[in-house]
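Heads up: the protein sequence lines correspond to chains F and G, in order.
Taking my numbering, the leading residue of the first sequence gets 1, the next gets one more, and so forth.
Taking my numbering, the leading residue of the second sequence gets 1, the next gets one more, and so forth.
If you're looking for bench data, these hints aren't it; they were derived computationally from the structure.
Each residue gets a CB set at the ideal place from its N, CA and C atoms; glycine is no exception.
It is possible that part of the hints are untrue.
Below, in silico cross-link-like pairs of lysine-lysine (DSBU-like), each with a Cα-Cα straight-line distance of 30 angstroms or less [claimed, not checked]:
| # | chain 1 | residue 1 | chain 2 | residue 2 |
| --- | --- | --- | --- | --- |
| 1 | G | K59 | F | K406 |
| 2 | F | K435 | G | K192 |
| 3 | G | K153 | G | K371 |
Cβ-to-Cβ under 7 angstroms is the rule here; a few derived chain G residues that face chain F [as the list claims (entries may be wrong)]:
| # | residue |
| --- | --- |
| 4 | R27 |
| 5 | P30 |
| 6 | L358 |
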Amino acid sequence: MLFNSLTFVVFFAIVVALHSAPLPWRVKKFNLLIASYLFYAAWNPPFVLLLWISTAVDWKAAQWIYNSDSKARRRLFLTLSLATNLGILGFFKYGEFLLENFQTLMAAIGVAYEPPSWSIILPVGISFYTFQTMAYSLDVYLKRAKPADSLLDFSLFVTFFPQLVAGPIVRPSQLVPQFAEPKRATPPQFYWGLGLMTIGLFEKIVLADSFLAPAADAAFGAQKALAPLDAWTGVLAFSGQIFFDFSGYSTIAIGAALCLGFALPNNFRFPYAAIGFSDFWRRWHISLSTWLRDYLYIPIGGNKKGRIRTYINLMITMLLGGLWHGAAWTFVIWGGLHGLYLAAERLLREIVPEQKWFSGWPFKLAMALLTYFLVNITWVFFRAQNFGDAMTMLASMFALAKAPEKVLYWNEIIPAFLVITGMVATHWAMRSTTKEAVIEKAPAWVIAAIWAFMLFMLVITQGSDSAFIYFQF
Amino acid sequence: MPSSTSSSDNAYPAVKTTFFDPEHVDRPIPARPWRGVLISALTAVILLTIGWEIYWRGKGYIPGDYKNDSGMWAHERRKATADATVVIGSSRAYYDVDVDLWEELTDVRPIQLSLEGTSARVTLSNLAEDESFHGTLIVGVTALLFFTQEGGKREDVLQYWRDETPSQRFDHRLSHILDRYLAFIDEQTRPKRQMTIAMLPLREGMKPRFDPRKLEIVTMDRNAEVWDRVMTDEVYREEAKQQWRNAFELFAPPPTPDGSPPPPMPDEAIDAVIADVNADIEKIRTRGGDVVFIQPPYDGEFAMIEDNGFPRERFWDRLLEKTDSAGVTFKDHPEMQTLYLPEWSHLGPRDAEAYTRLLAPALYAELEKKKADRTAR
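If we strip away everything but chain F, and leave its shape as in the complex, we get (with noise of 0.2 angstroms):
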């Protein structure tokens, strides 16, 4: 069920006024389980089944590895629990990607190998609960945390239907204790709440998909070489659509869960003012960065075993964080171009000494739009459809590429533009605040107005029928 669909208005309607209701604090919570469910089976029913395996075998793995002395034994139920997890999501996810690697080099050395057709449907959601039931197992295994008290707690975070199919990814141990206890939002959390969800659907249907996504549709879509203007449009357009797309489900996902009364973690902090590209990471999807880092980069050692180790780590972790999100070797060069920026970035600041005007605005505004602009290239290889239409994009945004093209009407240029301009605009005014500081500190009357207008926007957009990009992931 996507969060911007009339479908939904009528569910979270239901889902909100049973968690009203005078009923015992146990059936309200099965009552969230059923709707999560529910909420999942409305894309695809028999997917279903994956969470059950999931929750059902993660429950059990916790269990054994935390009663368990043996050493090899909890390896091996922590094997079992990260096999079930990842076969699910190379299953689903890596299958035909594999296949058609392994049919690649096949050619390679000369065996014509004709793979069977691969048509399976990607569950949605998949690569975002298979990480979060992981980090349960991994988390008792690690001893960081200690199983779940109840199977109805631990399968409601598995399932808590406001982040389960986009994030943020939670940790065990910031969403199960919230089961615990009687949860039911305050009057200001519950407006609160609608507030964000009312950012969150602006973001998505009136920012992303009505006056960015045209322009960088038509643009990577035309998959031919392109005016220099056409094509920074249609890449800064992009940088924005992925933002507020993504943005926009975690916002929503945040307040649909404060009208319950849960708190869920921040996922995004105006990732577009992030100075250099540590910042950035501490900044975009920030519960996947924290993921990565706390079981793969620090598991495989960080920066505690040398220099060189610390940037193969770095890009490691890169490269499968590029690989996490789509079965594509555009997406490990996203990742790989990250994991370079980083590395680039540690380097310079081991080489070059601090400097008394590093501090100053100017520098700090200057370093900025560099690492927007160098996102923005490693966006390029995230959108396009293959290598060669990312390496036509780049050549074309630096009018390098051949019999250029103008694609883009002035009709999505200046629409894209005027958003760009006032995203990256906020993001630097908003760099070291919180929305939440800003609306403490704002005429009660200009809240209402602007809510007014996001509420009139949406209304008048009429939804919109597209999925978030990240549900693919």
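Take the given structure of chain F and dock chain G to it, following the hints.
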């Protein structure tokens, strides 16, 4: 998190585990007079929405004009089983055949599956592959679409129909409620659409895009007719015609290097299309169904393009002959040639009624004649 099991391993946290990123989970709530803020915002939205509705009604939009989306097509497609009578084709078959009137005249209610800007071949293949369908298929032929492409602008409805999720189905039902009462619920009134059709200067070297304006209103079961504004607003009608001119310019085959007109479609290419069509027809006939072609009227600049580019003898007559099918073209019926086409391609509502009254008996007569021919052979 309290432990649920007893374990000798005391390396686990003994007390409730704290969050890894407490600053990200501790959600501060801005202290504002939220109730008043929300009531003010909702009041403003209601007033603005009323104003918006009045504005679009003033532009000719009406409640009860349903969104002609993939969900609606999928809903009708599910009805196209067994011995149903189904209309497929492009926008001409869609706007010109009045399904309500057809039912009144024949006691048979056709299912309308035509798709604007899309060749009938895509739906023909789909129904041919559907073993459950053995009814009568009325295939609208717009030659410049039918013979030149397999799909078209709306071909993605098939993918939607196959993959439609339960929530999309439910959403479709809910959106119908809004369509019934609100005029502004229309693809054309969306800000995105308004930005696309805003009259801005063209960039140097770019051609105007082909972007048809709203031409139709649609009832809940896809019975469509040309929108009143096309009939009454001359400026709007001229804009609709201008869009066809844009299409002719954008999609015209390029001239040969020596500047002479592009060569006509070769016979082999026409025969290849007809062979594909025939294969699909045979599948339907094998199951007991039948197929009949119709060619609704056109005039103006369409007549110049279609009559020159797709002469009847090489296309229409050949199609009927090689597929051994019945067909009704407006060119054989003088009374169909006098009907009014406000923008050269689609009949006005009253003329669509007149066309349907002429078409239904002619079509069944041709079908019977063809069946008798086949039996006699």
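Going down the list of hints, with the structure as the test:
1. Of the supplied pair hints, the one linking G:K59 and F:K406 is violated, its CA atoms being roughly 33 angstroms apart against a limit of 30 angstroms.
2. Taking the CA atoms of F:K435 and G:K192, the gap is near 27 angstroms; set against the 30 angstroms cutoff, the hint holds.
3. Among the hinted pairs, G:K153 with G:K371 is inconsistent with the structure: their alpha-carbon atoms are about 34 angstroms apart, more than 30 angstroms.
4. Proximity of G:R27 to chain F holds as hinted, the smallest CB-CB distance being about 4 angstroms (cut-off 7 angstroms).
5. With its C-beta approaching chain F no nearer than about 4 angstroms, G:P30 sits inside the 7 angstroms limit, and its interface hint holds.
6. Using the Cβ-Cβ criterion of 7 angstroms, the hint placing G:L358 at the interface with chain F is not satisfied: the shortest such distance is roughly 38 angstroms.
Against the hints set out earlier in the document, violations occur for numbers 1, 3 and 6.
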